[in-house]
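From first to last, the protein sequence lines are chains A and B. Read in order, the letters of the first sequence correspond to residues 38 to 388 in my numbering. Read in order, the letters of the second sequence correspond to residues 24 to 503 in my numbering.
Honestly, the hints are just simulated from the structure, not real lab data. A portion of the hints provided could be inaccurate.
Said to hold, decoys possible - Computed beta-carbon distance windows for the label pairs:
id: 1; chain 1: A; residue 1: Tyr-177; chain 2: B; residue 2: Ser-72; range: 56 to 66 Å
id: 2; chain 1: B; residue 1: Pro-358; chain 2: A; residue 2: Phe-56; range: 19 to 29 Å
id: 3; chain 1: B; residue 1: Asp-92; chain 2: A; residue 2: Gln-203; range: 27 to 37 Å
id: 4; chain 1: A; residue 1: Ser-283; chain 2: B; residue 2: Ile-123; range: 55 to 65 Å
id: 5; chain 1: A; residue 1: Met-306; chain 2: B; residue 2: Ile-119; range: 20 to 30 Å
id: 6; chain 1: A; residue 1: Val-99; chain 2: B; residue 2: Ser-72; range: 21 to 31 Å
id: 7; chain 1: B; residue 1: Ile-329; chain 2: A; residue 2: Ser-185; range: 48 to 58 Å
id: 8; chain 1: B; residue 1: Pro-421; chain 2: A; residue 2: Pro-253; range: 28 to 38 Å
id: 9; chain 1: A; residue 1: Met-306; chain 2: B; residue 2: Lys-200; range: 47 to 57 Å
id: 10; chain 1: B; residue 1: Ser-72; chain 2: A; residue 2: Asn-170; range: 35 to 45 Å
id: 11; chain 1: A; residue 1: Tyr-177; chain 2: B; residue 2: Phe-76; range: 44 to 54 Å
Treat the numbers as computed from the prediction; the structure is a model and nothing was measured. We put the CB at the ideal spot given by N, CA and C, even for glycine.
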Amino acid sequence: MENRGITFGYGFLSQESSFDVQFSLIEFDGSHSYFRAYLVGLLNTILVSVIGIIFATIIGVVVGIARLSNNYLINRTASVYVEFFRNIPLLLQIFFWYFAALRALPLPQDTEPMFGVFFLTIKGFFVPAFVWNNLDIFIYSIIAAIISIIFIRIYARKKQENEGIQTPVLSISIGLLIILPLLSFLFGGVDASVEVPVIKQLSQSGFTYEGGIKLPPELISLALALSLYTATFIAECVRAGVQGVSKGQKEAAASIGLTPNQVLKLVVMPQALRIIIPPTTNQYLNLTKNSSLAAAIAYPDLVLVFAGTALMQTGRAIEIVSITMLTYLSLSISISIFMNWYNKKIAIKEK
Amino acid sequence: MNKLNFLQPDKNNLNIYLYTGVILVALSIFIVFLNSFFNKDIISFLPGSISFFLPLISGFIGLHLIRIDYSGLKFLDSINKNINTNNFNAFLSLLIVFVIIKSLPPLLSWFILDANIAGDSKDVCTGSGACWTYIKIWFNRFMYGMYPNAEQWRINLSFIALAFLGTIGFFATEKFKKYLTLYYVVVYPVIAFFFIFFFISGGPIFFDFSYGIIAAVISIIIGFFIPTKFKMYYFIIVPITLYILLKYVFFYEELIELGKLEALEWVETGAWGGLSLTFIVSFFCLIFCFPIGLFLSLGRRSDFPIIKYFSIGMIEFWRGVPLITVLFMSSVMFPMFLPEDMFIDKLVRVIIAISLFEAAYVAEVIRGGLQALPRGQYDAAKSLGMGYWKMHILVILPQALKLVIPGIANTFLALVKDTPLIFVVGLLEIVGMLNLAKTNPEWLGFAMEGYVFASVLFFIICYAMSKYSYNLEQKYKTER
Chain A
38 MENRGITFGY
48 GFLSQESSFD
58 VQFSLIEFDG
68 SHSYFRAYLV
78 GLLNTILVSV
88 IGIIFATIIG
98 VVVGIARLSN
108 NYLINRTASV
118 YVEFFRNIPL
128 LLQIFFWYFA
138 ALRALPLPQD
148 TEPMFGVFFL
158 TIKGFFVPAF
168 VWNNLDIFIY
178 SIIAAIISII
188 FIRIYARKKQ
198 ENEGIQTPVL
208 SISIGLLIIL
218 PLLSFLFGGV
228 DASVEVPVIK
238 QLSQSGFTYE
248 GGIKLPPELI
258 SLALALSLYT
268 ATFIAECVRA
278 GVQGVSKGQK
288 EAAASIGLTP
298 NQVLKLVVMP
308 QALRIIIPPT
318 TNQYLNLTKN
328 SSLAAAIAYP
338 DLVLVFAGTA
348 LMQTGRAIEI
358 VSITMLTYLS
368 LSISISIFMN
378 WYNKKIAIKE
388 K
Chain B
24 MNKLNFLQPD
34 KNNLNIYLYT
44 GVILVALSIF
54 IVFLNSFFNK
64 DIISFLPGSI
74 SFFLPLISGF
84 IGLHLIRIDY
94 SGLKFLDSIN
104 KNINTNNFNA
114 FLSLLIVFVI
124 IKSLPPLLSW
134 FILDANIAGD
144 SKDVCTGSGA
154 CWTYIKIWFN
164 RFMYGMYPNA
174 EQWRINLSFI
184 ALAFLGTIGF
194 FATEKFKKYL
204 TLYYVVVYPV
214 IAFFFIFFFI
224 SGGPIFFDFS
234 YGIIAAVISI
244 IIGFFIPTKF
254 KMYYFIIVPI
264 TLYILLKYVF
274 FYEELIELGK
284 LEALEWVETG
294 AWGGLSLTFI
304 VSFFCLIFCF
314 PIGLFLSLGR
324 RSDFPIIKYF
334 SIGMIEFWRG
344 VPLITVLFMS
354 SVMFPMFLPE
364 DMFIDKLVRV
374 IIAISLFEAA
384 YVAEVIRGGL
394 QALPRGQYDA
404 AKSLGMGYWK
414 MHILVILPQA
424 LKLVIPGIAN
434 TFLALVKDTP
444 LIFVVGLLEI
454 VGMLNLAKTN
464 PEWLGFAMEG
474 YVFASVLFFI
484 ICYAMSKYSY
494 NLEQKYKTER
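Please work from the sequences and hints to get the whole structure.
Right under this line is the structure:
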């Protein structure tokens with residue numbers, strides 16, 4: 038290394054970065070430091086992972102249950118979906134959405150609005166934004182609701198163990214989650230208004246939308262591909278989990294007089310979740326790592342911003358690649374430690 | 024009891040139910056069919072939303088009417104059992120049927136009816152459908168990358184030969200069955216390497232490595248005649264001496280000269296590409312990642328702390344980082360640690376990186392199999408006086424590997440699907456070639472066709488692999 042005139046050190050992190058990032062959650066321009074560039078990349082990675090995880094879970098659970106359906110058509114449709122999207126490389130799917138499918142969208146000036154406020158254009162997806170007054174009070178009210186729900190759950194469990202009476206925890210929790218934020222609107226001075234994107238002419242033929250939130254096509258295609266791809270694996274986990282609960286369990290639960298809903302909630306789901314959750318967490322982890330493919334379509338994630346642009350500018354290959362790897366590593370190791378703990382907690386205790 | 028019964032079918036009004044139901048369902052499907060295939064809306068006289076929902080409503084009522092238990096008609100019973108068990112299922116089934124009918128015409132017209140395949144330039148693609156001419160023209164590039172056209176028979180021949188050699192196992196007689204593992208684990212990969220090095224790459228016949236091979240072969244042949252007592256010393260000393268003698272004393276200049284007289288043109292790995300590169304990378308990674316993973320999984324369960332923590336570290340490290348950063352590392356960081364005059368080919372670095380990466384996943388899968396075996400198997404093997412290796416090779420691994428065939432197959436599938444990532448280091452396999460072709464100024468705007476083509480190829484490969492692994496799993500399934 039010395040021969041090549043390379044020095045080692047992390048001092049460059051505080052230097053001025055002098056490059057711009059297309060899409061960032063926090064304010065960033067050339068005058069900010071490389072460390073802030075790292076944060077921008079990390080936040081973008083987390084953003085696309087969270088979006089992907091939410092949609093992958095929804096699609097995966099629906100498809101997984103659909104695969105268990107006794108309706109032939111639903112069953113086949115679900116399994117065709119799983120086989121198809123599982124057997125095509127993720128990178129190819131990302132390219133397909135980005136370069137082929139989303140390129141077929143209309144230009145901003147030709148776009149028909151969806152429900153009057155959403156604009157899906159070739160330049161991205163424009164959605165209305167909320168403009169908040171006293172946002173902090175609103176957040177406090179949600180936190181208060183969550184804390185009270187936790188207490189109610191503990192109380193309900195104690196009550197059931199002592200007296201055998203069930204409390205309708207779910208409806209109480211939903212009610213609290215609606216009522217407390219509503220109160221904050223009525224009495225806390227919280228106020229939200231909607232800002233709808235408006236078309237704006239940039240030049241003779243260049244149009245864009247102003248106001249609202251712009252989701253760039255990179256983010257959309259990446260989130261779409263990640264969630265559709267990972268959903269197939271989650272669907273398989275869900276299917277395996279529900280199939281893994283033996284029929285005798287359901288029959289035994291029904292025979293002691295539980296209603297079908299109680300059978301599902303108290304007997305089947307706890308056992309199925311024990312099988313479903315560990316592999317599903319693995320899939321979440323995979324999704325997060327796969328989000329690094331963003332570099333291929335220039336979505337400014339950790340790999341592109343930090344291990345790409347910043348590396349090219351500073352030439353500090355070893356430091357930057359090691360920081361990037363350490364970030365992913367610490368993420369996945371912390372999740373796997375948590376999973377091991379959780380596995381131990383929910384494992385069947387055998388003598 | 025002669026009261027009117029509209030809501031429940033019985034013996035008397037069964038036929039009315041049946042006919043009304045069938046007519047309603049047929050009507051709804053007919054309306055959607057006409058609308059989608061011939062673009063004719065025969066119910067357009069109705070107001071907008073009603074004409075939109077009418078097929079759904081009529082089909083739904085029809086399915087409700089024909090839901091008759093034990094009707095005595097076989098076809099009807101099977102429909103009721105499979106797609107029409109209750110209202111919710113009937114609704115979903117109708118929706119799926121409608122979506123299929125609706126989406127068939129545009130798909131058909133894009134794929135076949137309005138597509139072009141004739142001709143050999145962009146000008147023929149005037150229709151609204153796909154332009155398969157683009158695939159036809161670029162087919163060679165998608166298969167072989169930048170490999171020179173005149174030399175492509177080398178790739179074809181090597182692949183055919185290797186495929187043939189790979190199927191030898193099916194024809195082996197009982198006598199040779201016991202050598203098959205040795206053949207597939209050691210001999211076949213070596214043959215494959217020679218094919219790819221000499222034939223596809225057109226490497227010089229004598230290079231540094233080949234002295235080692237000659238030395239090894241000669242010393243093994245002589246080794247048969249050496250008494251067992253001296254064998255160990257013999258195999259430590261003789262091959263190395265032979266290697267040094269061969270390389271520096273006898274043949275050096277002459278062989279280098281001879282090596283240059285190669286019959287085949289040298290094609291550097293940067294020019295390789297397309298689907299053939301996908302195959303080459305997946306093939307070698309598959310071969311290397313399995314034994315590495317096996318040793319890592321055994322190491323993780325070892326009693327020696329050094330081996331154990333080394334294995335855990337390796338596994339957790341490779342599993343914790345995304346493949347793209349590993350490839351970044353192999354292309355940007357790794358060369359910095361090498362001596363200045365040393366150069367390792369891109370392709371080799373990529374294969375090493377992917378193999379190590381996937382080996383960690385293989386290791387975890389095998390560990391699952393090892394953990395699933397009851398302790399009694401270990402105890403029984405030990406009580407027979409078996410050592411560590413004998414116990415694992417004869418008792419533990421055959422059972423454990425059998426258990427984890429699906430898991431290993433999944434890892435291998437993931438590997439094949441990960442190969443497109445090698446674009447990071449500048450190697451263009453099929454997805455990379457597609458992106459290159461897409462930016463060609465003469466062929467702009469055909470991205471869709473390319474991606475559909477590659478998706479179909481990958482789907483066929485991966486689907487065949489998963490079906491094969493399923494067969495394998497069924498074949499080795501034993502009662503435990």
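Hint-by-hint comparison with the structure:
A C-beta distance of roughly 44 Å is found between Tyr-177 of chain A and Ser-72 of chain B, which places it outside the suggested range of 56 to 66 Å. For Pro-358 of chain B and Phe-56 of chain A, the hinted distance range of 19 to 29 Å is satisfied, since their beta carbons lie about 25 Å from each other. At roughly 36 Å, the beta-carbon separation of Asp-92 of chain B and Gln-203 of chain A lies within the given 27 to 37 Å, and the hint holds. Ser-283 of chain A and Ile-123 of chain B have their C-beta atoms about 36 Å apart, which leaves the hinted 55 to 65 Å range violated.
Between Met-306 of chain A and Ile-119 of chain B the CB atoms are about 27 Å apart, so this pair conforms to the stated range of 20 to 30 Å. Between Val-99 of chain A and Ser-72 of chain B the Cβ separation comes to about 27 Å, which falls inside the hinted range of 21 to 31 Å. A C-beta distance of roughly 52 Å is found between Ile-329 of chain B and Ser-185 of chain A, which places it inside the suggested range of 48 to 58 Å. At about 53 Å, the CB distance of Pro-421 of chain B to Pro-253 of chain A disagrees with the hint of 28 to 38 Å.
One distance hint, 47 to 57 Å for the beta-carbon pair Met-306 of chain A and Lys-200 of chain B, holds here, with the actual separation near 49 Å. Our hint of 35 to 45 Å for Ser-72 of chain B and Asn-170 of chain A holds, since their Cβ atoms are close to 39 Å apart. Under the hint 44 to 54 Å, the C-beta atoms of Tyr-177 of chain A and Phe-76 of chain B, about 45 Å apart, fit the expected range.
Consistency with the previously given hints fails for numbers 1, 4 and 8, ordered from lowest to highest.
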